[in-house]
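Participant: Chain by chain, the residues run as shown.
Number of protein chains: 4
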Amino acid sequence: MTVRAAVAGASGYAGGELLRLLLTHPEVEIGALTGNSNAGKRLGALQPQLLPLADRTLSETSAEALAGHDVVFLALPHGQSAAVAEQLGPDVLVVDMGADFRLEDAGDWERFYGSPHAGTWPYGLPELPGCRAALEGSKRIAVPGCYPTAVSLALYPAYAAGLAGPDAVIVAASGASGAGRTPKPHLLGSEVMGSMSPYGVGGVHRHTPEMIQNLSAAAGERVTVSFTPTLAPMSRGILATCSATATEGVTGESLRAAYTKAYADEPFVHLLPEGQWPATASVHGSNAVQVQVAHDEAAGRIIAISAIDNLTKGTAGGAVQSMNIALGLPEDTGLSTIGVAP
Amino acid sequence: MTVRAAVAGASGYAGGELLRLLLTHPEVEIGALTGNSNAGKRLGALQPQLLPLADRTLSETSAEALAGHDVVFLALPHGQSAAVAEQLGPDVLVVDMGADFRLEDAGDWERFYGSPHAGTWPYGLPELPGCRAALEGSKRIAVPGCYPTAVSLALYPAYAAGLAGPDAVIVAASGASGAGRTPKPHLLGSEVMGSMSPYGVGGVHRHTPEMIQNLSAAAGERVTVSFTPTLAPMSRGILATCSATATEGVTGESLRAAYTKAYADEPFVHLLPEGQWPATASVHGSNAVQVQVAHDEAAGRIIAISAIDNLTKGTAGGAVQSMNIALGLPEDTGLSTIGVAP
Amino acid sequence: MTVRAAVAGASGYAGGELLRLLLTHPEVEIGALTGNSNAGKRLGALQPQLLPLADRTLSETSAEALAGHDVVFLALPHGQSAAVAEQLGPDVLVVDMGADFRLEDAGDWERFYGSPHAGTWPYGLPELPGCRAALEGSKRIAVPGCYPTAVSLALYPAYAAGLAGPDAVIVAASGASGAGRTPKPHLLGSEVMGSMSPYGVGGVHRHTPEMIQNLSAAAGERVTVSFTPTLAPMSRGILATCSATATEGVTGESLRAAYTKAYADEPFVHLLPEGQWPATASVHGSNAVQVQVAHDEAAGRIIAISAIDNLTKGTAGGAVQSMNIALGLPEDTGLSTIGVAP
Amino acid sequence: MTVRAAVAGASGYAGGELLRLLLTHPEVEIGALTGNSNAGKRLGALQPQLLPLADRTLSETSAEALAGHDVVFLALPHGQSAAVAEQLGPDVLVVDMGADFRLEDAGDWERFYGSPHAGTWPYGLPELPGCRAALEGSKRIAVPGCYPTAVSLALYPAYAAGLAGPDAVIVAASGASGAGRTPKPHLLGSEVMGSMSPYGVGGVHRHTPEMIQNLSAAAGERVTVSFTPTLAPMSRGILATCSATATEGVTGESLRAAYTKAYADEPFVHLLPEGQWPATASVHGSNAVQVQVAHDEAAGRIIAISAIDNLTKGTAGGAVQSMNIALGLPEDTGLSTIGVAP
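In order, the protein sequences belong to chains A, B, C and D.
Okay, so the first sequence: first residue is 21 according to my numbering, each after it adds one.
Okay, so the second sequence: first residue is 21 according to my numbering, each after it adds one.
Okay, so the third sequence: first residue is 21 according to my numbering, each after it adds one.
Okay, so the fourth sequence: first residue is 21 according to my numbering, each after it adds one.
Pulled out of the complex, with its shape left as it was, chain A reads as follows:
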């Protein structure tokens, strides 16, 4: 099979990471690359790490440019995907790396994004119950947010096994690439290096309803999520520290058994051996997720921690993984569980 893929938004960090992965995907041929404000520029100037594509030039994002491909990846600002997807027709696989089609509840969408809800597409987190099946053969995929990926994979087994109460508290640290490539004062290297700082505190971050959606589905009841994202002085990586009240009778053993079972056959999620904790450096550039879990008896809480690369498993790798499933390819085609460390 040769799959011809276009990338809309090839000049950003998500687009660049996606191209890094597609370049070594054995079944993919890279087609059109678009990027509005950077149309006409050499990719070598924008993504100097992608040497094999250095001489490619970006075109404007348009239906014409994106036509004639088997797969179109959309790495566009929120709210722009629906219009593009409509023009592509129902037979093209459209993989939306933005937020537009992630939420099931229109009210949540409108409250957090302030625009009309465009709909809901099959959700590209195959490790969650039911998601893998929904992706098979699908022509539309909503790639999860980076934080919801890390958080859902850290906590869902505990919820699915009834070991966690509906009061999740999450503090996650993200590398600066999660904030995108548009220059803003607080993202300058001088500001980011040597500093940890929170943002979107108090339930206002847009990834919150997506986490609630995923955890509630696993729990079979409404889970509240207190979510605090923080900006860490690194380029990549998310470390999600998650906890919830331990339900009655939880033991370290029952907790570990639940996670062992949940991830026994997952190619990308690795429950670490007891005593070893995740580190973002270990999954740098890889599609792997490292997970560890503990029971704090004195505090009466379970603690689950995951590490992902926000650009790989958190965005572009998750997109490729879901594409593979949709196309009937082996799920790990073109993806790696090997990190670039130190």
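Note that these hints are calculated values from the structure, not bench results.
Where hints are given, some of them may not hold.
Copies of the same chain are indistinguishable here, so a pair counts whether it falls within one copy or spans any two.
Said to hold, decoys possible - Derived DMTMM-like pairs: lysine to aspartate or glutamate, alpha-carbon spacing no greater than 25 Å straight-line: (1) Lys61 - Glu294; (2) Lys204 - Glu80; (3) Lys204 - Asp75; (4) Lys204 - Glu294; (5) Lys281 - Asp75; (6) Lys159 - Asp352.
Given chain A's structure and the hints, the job is docking chains B, C and D onto it.
Facilitator: Just chains B, C and D now, kept in the frame of chain A:
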């Protein structure tokens, strides 16, 4: 007044930071500097940032070396302070920057430190109720741990005002200097840079009982603490993200009022204007604490976040602040609320 | 003496560092703070590290706002200082932290800056021969560039003593704050962290003629300078690695003797003991300069390396030091040789 | 072809990077993994980024453990390779990633390493004239040092074309992984982050004679090298800023032509388009070398700058590339020119 001060443990990070502050303290004259494994070495080779002391030489830590000073600061490994303090006599002000005399409960000490409890000294966090008075005229001071400093100042006003339930959840990120200067593989620059990683997860970190002690005192009831420390890719700074169930009837206004009142007259703790959140870079090298608080109605929790410099307010600055009180000097003598940023 | 000082350009990195220093300067009272695009904003939002000034508001840069001060510091974009200075009158001490009045040669100015030359003011690098005397009582000061400060102090003793040939080769690494606070894609944290990259290669960087001017004056002959600046993944600091052909008969001893003599009485320049080399962390936030020198016999070159904080000695500290001289204050008033490390 | 490969020294940074590459090499099967002080430990604890090998256990380095492989990679401390290689027999391909067999001149070896010279093996930098041919079919390979790799590829085309005088001046910045994984105080994260510092200044770094050997061979005359390595606050990457006197008649065009010709057919060395300069982030985790060159007419020097990943092209990638040649495999098998950035 001229206070002659000795520093035992002058070659570590806490000792170096203390000397940085003492060098500009108008009432202090720096006396003996000791450091066992580095005895005989020039301070200029160990602490090259302290140019005015470059030609001083470290001596062995001994009662003789430390005799004849008004104040002796102990920056020693846990468990060594009691023996030294005894030899110094009751009229010398002994400021212990280690953990030995922080905990009131001998059982807590033994469980977390595995050795007999040496006792309890006045606790050097003057912002907590009763602490300032206990420090006045004291000849013994137990300097708080860096994490308990950040966490207690983030949360105590909420507990003191009855706005927070007894289920604190804390995730804190610390710069690598918090782990000390002894070379260990996981503290190598190659490991730390570009990585966030947790450690001491699940209630086992030694600072946990100290937090419980402080928050329970403020709350007037036993508070449980789920504490997860993480190592961040920076040299200095702690960002403590703390939350607890909001008690019935809490509003954003009542929360803000409690913090405003608690810190109105505190020289070092700054409640930020609404909408502005702490960043560790802003307190780099300063004794200031930045605090902000929010009420997440949907999650039913209050969120309080603080930023400190772990070596300054978290260790050496807190020590100097408490020394000032003990000696009857203005509390902010030789201390600054100005950070070195960016 | 109380000196009333205004700062034009208080929202940038140089302005912020200047305010940090002025806040602890015992003879200075901080007056007007201006900043065009940020006029009307609280300083606490722009420079959150300067807590004592948090409630000050920026005004527009104008003759009226700057009137009535003893000293006016200009931290403005290149080319704007002359017009402001004229309006301030000849009795006000004007300290220009921009490039406008640094170069003696109008042709150099026009070639590198592309605009008419505004003139030459006394040069604020007191350690260079003749500079200190020219600053005494002056009402106009041109603060040197950060790279020329580091490079001139590394190399001038060798040139003054006739030990270095006229072929200086300089490679300097600077922290990102040297590039200023205006957001640009290549200055994003995601780009800067984990990367070293050169810029302005091949003799085109604007600081090149200033270095040539200083080194040629010391040498008494025209010195060529091959200068390559590089951007390093840190917020502050310059490490300047400088070399030149060793002139006939140079020895390690003669070299060391020249530097020892040059800096024996300098309060801020420290020739390190043999075998110890500068590190930028050691001068973080300090006005100190660390210098070391070696003779590479096999290569026939002398190597001189200096470390400064680009924002302190390289900009704002140098400005304060020169102001002190101009006003007849002790040169080190309000300045420190103590770095904030680690 | 299936090549069975053993790695001696699998717990260090070079060994880990080598395993990362071998895991995706289509012709290699990973055999014995040894590491003396870590013998008996799980690789998952030592190299947590290598998930597919997590359950492998390290054995002691011994002839028995290394027997029965087609290729043995030695990532051992200097001076230990010869003894191991002798035991492996002449038919096994031995790839030494240490320094033992790099230098041709026994006197150089003895001066810089202080032990008897073990010999000289074919040099694993195929891009240098004659090296590729010498590697074909060879059973012994000396992998170059990381700095000599970066420097030789930056400068050799200029020397080979007679455009550079014999007075190379090199300042290179390296990530901390270049200093290895043995914990030392100056390599602690707290020391490395936020700091640039030189080491081995004045012609004493052990990589100096290797650079002289390579550049002199290209020039056809003895080239002197003034080499200053600096430690940069990043985990990986080398940026080598190299210059030399421009010979008579050099122009930007002649310089560019020489480099274009030298690297036209090289799979890993990329001469960047004019105006674009190398950055270490662009080659992070890749075997690519980015090179750019300029002529500074005013200074009379050519400037050549290269960026490599010190662990990939600078060590393990170079080793695999040379192994491929020795075994008759396509040279780029299992290697990539795609960096992991940002």
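Participant: List in ascending order the numbers of the hints, as given earlier, that are violated by the structure.
Facilitator: none
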